[in-house]
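Q: Protein chains in written order, with our numbering: chain A, 99 to 438; chain B, 99 to 438; chain C, 99 to 438.
What the hints contain is simulated information worked out from the structure, not anything from laboratory work.
Certain hints may be false.
Treat identical chains as interchangeable: a pair holds within one or across any two.
[What the hints assert, rightly or not] Straight line, CA to CA, 25 Å or less: simulated SDA-like cross-link-like pairs of lysine to any residue:
{"no.": "1", "residue 1": "K155", "residue 2": "V334"}
{"no.": "2", "residue 1": "K304", "residue 2": "A337"}
{"no.": "3", "residue 1": "K123", "residue 2": "G301"}
{"no.": "4", "residue 1": "K304", "residue 2": "V334"}
Residues per chain, in single letters:
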Amino acid sequence: MADPRFFAKSGPFTLGELAARCGAKLAREADADKRVSDVAALDQAGPEHISFLDNRKYVDAFAASRAGACLVQDALAARAPAGMALLIALDPYRSYAKVARCFYPPAPPVPGIAAGAIVDPSARLGAGCRVEAGAVIGARAEIGARCLLGANAVIGEAVLLGEDCSVGPGASLGHCILGDRVIILAGARIGQDGFGFAMGAEGHLKVPQLGRVVIHDDVEIGANTTVDRGAGPDTVIGAGCKIDNLVQIGHNVQLGRGCVIVAQVGISGSTRLDDFVAIGGQAGFAGHLRIGAGARIAAQSGVIRDVDPGVSVGGSPAAPVSEWHRQTAAIRRLGRGKGE
Amino acid sequence: MADPRFFAKSGPFTLGELAARCGAKLAREADADKRVSDVAALDQAGPEHISFLDNRKYVDAFAASRAGACLVQDALAARAPAGMALLIALDPYRSYAKVARCFYPPAPPVPGIAAGAIVDPSARLGAGCRVEAGAVIGARAEIGARCLLGANAVIGEAVLLGEDCSVGPGASLGHCILGDRVIILAGARIGQDGFGFAMGAEGHLKVPQLGRVVIHDDVEIGANTTVDRGAGPDTVIGAGCKIDNLVQIGHNVQLGRGCVIVAQVGISGSTRLDDFVAIGGQAGFAGHLRIGAGARIAAQSGVIRDVDPGVSVGGSPAAPVSEWHRQTAAIRRLGRGKGE
Amino acid sequence: MADPRFFAKSGPFTLGELAARCGAKLAREADADKRVSDVAALDQAGPEHISFLDNRKYVDAFAASRAGACLVQDALAARAPAGMALLIALDPYRSYAKVARCFYPPAPPVPGIAAGAIVDPSARLGAGCRVEAGAVIGARAEIGARCLLGANAVIGEAVLLGEDCSVGPGASLGHCILGDRVIILAGARIGQDGFGFAMGAEGHLKVPQLGRVVIHDDVEIGANTTVDRGAGPDTVIGAGCKIDNLVQIGHNVQLGRGCVIVAQVGISGSTRLDDFVAIGGQAGFAGHLRIGAGARIAAQSGVIRDVDPGVSVGGSPAAPVSEWHRQTAAIRRLGRGKGE
Chain A
99 MADPRFFAKS GPFTLGELAA RCGAKLAREA DADKRVSDVA ALDQAGPEHI SFLDNRKYVD
159 AFAASRAGAC LVQDALAARA PAGMALLIAL DPYRSYAKVA RCFYPPAPPV PGIAAGAIVD
219 PSARLGAGCR VEAGAVIGAR AEIGARCLLG ANAVIGEAVL LGEDCSVGPG ASLGHCILGD
279 RVIILAGARI GQDGFGFAMG AEGHLKVPQL GRVVIHDDVE IGANTTVDRG AGPDTVIGAG
339 CKIDNLVQIG HNVQLGRGCV IVAQVGISGS TRLDDFVAIG GQAGFAGHLR IGAGARIAAQ
399 SGVIRDVDPG VSVGGSPAAP VSEWHRQTAA IRRLGRGKGE
Chain B
99 MADPRFFAKS GPFTLGELAA RCGAKLAREA DADKRVSDVA ALDQAGPEHI SFLDNRKYVD
159 AFAASRAGAC LVQDALAARA PAGMALLIAL DPYRSYAKVA RCFYPPAPPV PGIAAGAIVD
219 PSARLGAGCR VEAGAVIGAR AEIGARCLLG ANAVIGEAVL LGEDCSVGPG ASLGHCILGD
279 RVIILAGARI GQDGFGFAMG AEGHLKVPQL GRVVIHDDVE IGANTTVDRG AGPDTVIGAG
339 CKIDNLVQIG HNVQLGRGCV IVAQVGISGS TRLDDFVAIG GQAGFAGHLR IGAGARIAAQ
399 SGVIRDVDPG VSVGGSPAAP VSEWHRQTAA IRRLGRGKGE
Chain C
99 MADPRFFAKS GPFTLGELAA RCGAKLAREA DADKRVSDVA ALDQAGPEHI SFLDNRKYVD
159 AFAASRAGAC LVQDALAARA PAGMALLIAL DPYRSYAKVA RCFYPPAPPV PGIAAGAIVD
219 PSARLGAGCR VEAGAVIGAR AEIGARCLLG ANAVIGEAVL LGEDCSVGPG ASLGHCILGD
279 RVIILAGARI GQDGFGFAMG AEGHLKVPQL GRVVIHDDVE IGANTTVDRG AGPDTVIGAG
339 CKIDNLVQIG HNVQLGRGCV IVAQVGISGS TRLDDFVAIG GQAGFAGHLR IGAGARIAAQ
399 SGVIRDVDPG VSVGGSPAAP VSEWHRQTAA IRRLGRGKGE
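Input sequences plus hints: build the corresponding full structure.
A: In structure tokens, the structure reads:
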């Protein structure tokens, strides 16, 4: 289904192979040798495709689908149409991700330094790296094996990248240290000066920003997102964090492991998020806060106080989610002329 | 009035020529041969300038203006000062746009490939294209006639551009197909991976993003705006959409024709806007919504439900605009100590 | 404390020297010859470090600190631990900024044009400029002395920069005039077309954007921030303004001197801010407003009316801050089931 102009497809694969690679179990062992040639959405799939059902909302589409095979939870398997091979999975979306990666495996970079790339002679590149046209690698930078540095990306002086990292076109990195398998999308800005000034009527005096950005393994940072370096301490992005586009991370911010931050969120300086915090789009955080592990912050929230571990909040200023829902219900009544 | 350091001016033109080119009608035919040499705002114009009155707020400035000529609606013509030549227009701002384009016509690019541009040998460029210094054009890209590719812009592998497109400095395009006369401003990011992960405590697993971005004719996309490619379906921007700076468009989003999206709006994945939806700045949309044709979304709204065609909404969570106004009035009373 | 991989340190300095350079007064003149080798935070400092106490919240850390010396207000000096040398300052944070700049002085650029930079032969560069790899300088641009133009930055045709400016990697400037000591961080976009269209069902017609961006001395503009050029008048950024990352400044906006604008703020076209306005993150402004000198706008505000000089506002729509606090208190009560 993917446009071959842009995507190279592997396969076909037998359902037995796919089940083994995605941690699913075939409902009928007899389907193990059946072959499928691609992934497709339930409503677009044909007999040669494997699809998935993740959301109960789409049960009807599942029941009507012409897909040859489908990833599904055991509890919903009975709704399958006749003739569909079933791969029973605990988390069908996660299994789908693995199946899709079989058909469209992340390609390792084609090693080499393209014409028009500028690599400082004192920089060190690991084996198998690709540096695309116009990319600039500064003095003393050290790049691990198999990194892909996109066209017109800039790797600043002395920056360190681990192995298997990818830096998108036009992104720029400075004063930072990256772990392995870090993905920086196009136009992201990592490690520039934090917003630190001693304010005053005689002029706002710039305060030297003497920290770094430290990004741990398996982080993804979205397009045109900005991560400022620390003022003294480092700005830290924990392992496995996923950050969407156009997010602002201020100086000295620390993110634990596995945080998920949707687009256009802003986190002010020195705020600390513990592990697995999830933040909806356009939410904002004041500085110097502590957000506990597993907290969930609704989209467009304005967080101005610490949030305890595991708590969900919403609204601006943010309140626990049950309070926030009562607030919005009360406001809705006010707008309908009741409750005034 | 425009700084000749940056803008090349044409003209002068007679009012007869200008009236014909902008769809206006001279109030007095005797003015047809009068010449003007430039456009200017009402309060800055002199006898050699043509100005316009679009907003009743500026009627006094119109009555006091020294402009030699002015575009104006018939209903306000009587307020003109003595000696001002009048061009009667149904939509004076639209006519002004056409007149301003007479004096400052969009220059076609100077054909050629600048020193320091890197064009892959397998890329194809139409006649009359200009590739500025540092621009990178990837393998198998196909660029229509008369496109302008700005300095340090990146056109990814296999990307397709129609005719008369313009890509600003430092912008990057991948996995996308553009129609004719598409304008991409500086630093915009088109076609990078959408934000798709199968979340889990054992790590968030990246889901391959197998769609494209399809941008139809006459679209403009603002500086540092991000448009992610689809996860499976395409992300689609309909003909004539105008998108401001720092906007986030998630994967699988579909915009109909003529949508207008002001700066810093965020639209989550799989949301669909029908034709001519207008969105104020910093509004946000949840995913998987349907926004009907002609709907109007106020600035800073948080849209979490479908919006019917033609409906105006505001607030967060967004409500029909009359309800929203009652909500804000009631909240205002609460803040003044009444209504509690 | 700063990582020597990224930062070059000067010193050591005597406390006498530092006191003189930062406008502080030694509590005991006998400490004048004592030497310190670096700055450090109160809780990380040792005898060889100088630290600072700016916020009463950290008095306990001050009392327990092992720092050899500390900048402090007179009123808090009595809380110092034994043996700590004290530098009494009216504004310890401002004095700290000066001390930190002694240890980590902003390095002047190393003059020269790096390999892979593209400078148009008609551009003029002042003495002592550095042009990094991949930077592009357009025809007729004029760059003052000692400017640093970062890797892959783009200086458009005829752009003017004053002296001692710095343009970050991947930033792009067009149709603009900069004063002295202006700092543009990575990926900022200055001078592209404003968002001006004559809307209509037959298509939105682009209105030529005939103004410039004028940036006065000592301005800092954050990473991936966008500043559109004027439609006819100029967009103006007053001297000493500090603008954070991902901010949107629309066409014809005028900022007075010393405004401070935190990340992700959006200011719509033709709005004017007088001197020393301070704006919290993610606030938004409608167009054509006037914000008086010294006004303070809370984070996430939605400003839709003029604000008088010196007034603080918050909320969306924004209200004077005392009203806004009563609003949020009343809403909080609604969410707790009281006041309904």
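Q: How would you label the pair K155, V334 (within, between, both, or neither) given a Cα cut-off of 25 Å?
A: Result: close only across copies, 24 Å inter versus 38 Å intra.
Q: From the Cα coordinates, with 25 Å as the cut-off, is the pair K123 and G301 best called within, between, both, or neither?
A: The answer is between: 22 Å across copies meets 25 Å, while 67 Å in one copy does not.
Q: When no copy is specified for K304 and V334, does a C-alpha distance of 25 Å or less occur within a copy, between copies, both, or neither?
A: For K304 and V334, both the intra-copy (22 Å) and inter-copy (21 Å) Cα distances are at most 25 Å.
Q: Checking K304 and A337: alpha-carbon separation at most 25 Å within a copy, between copies, both or neither?
A: Between copies only: 14 Å across, 31 Å inside.
When each numbered hint is compared with the structure, no violation occurs for any of them.
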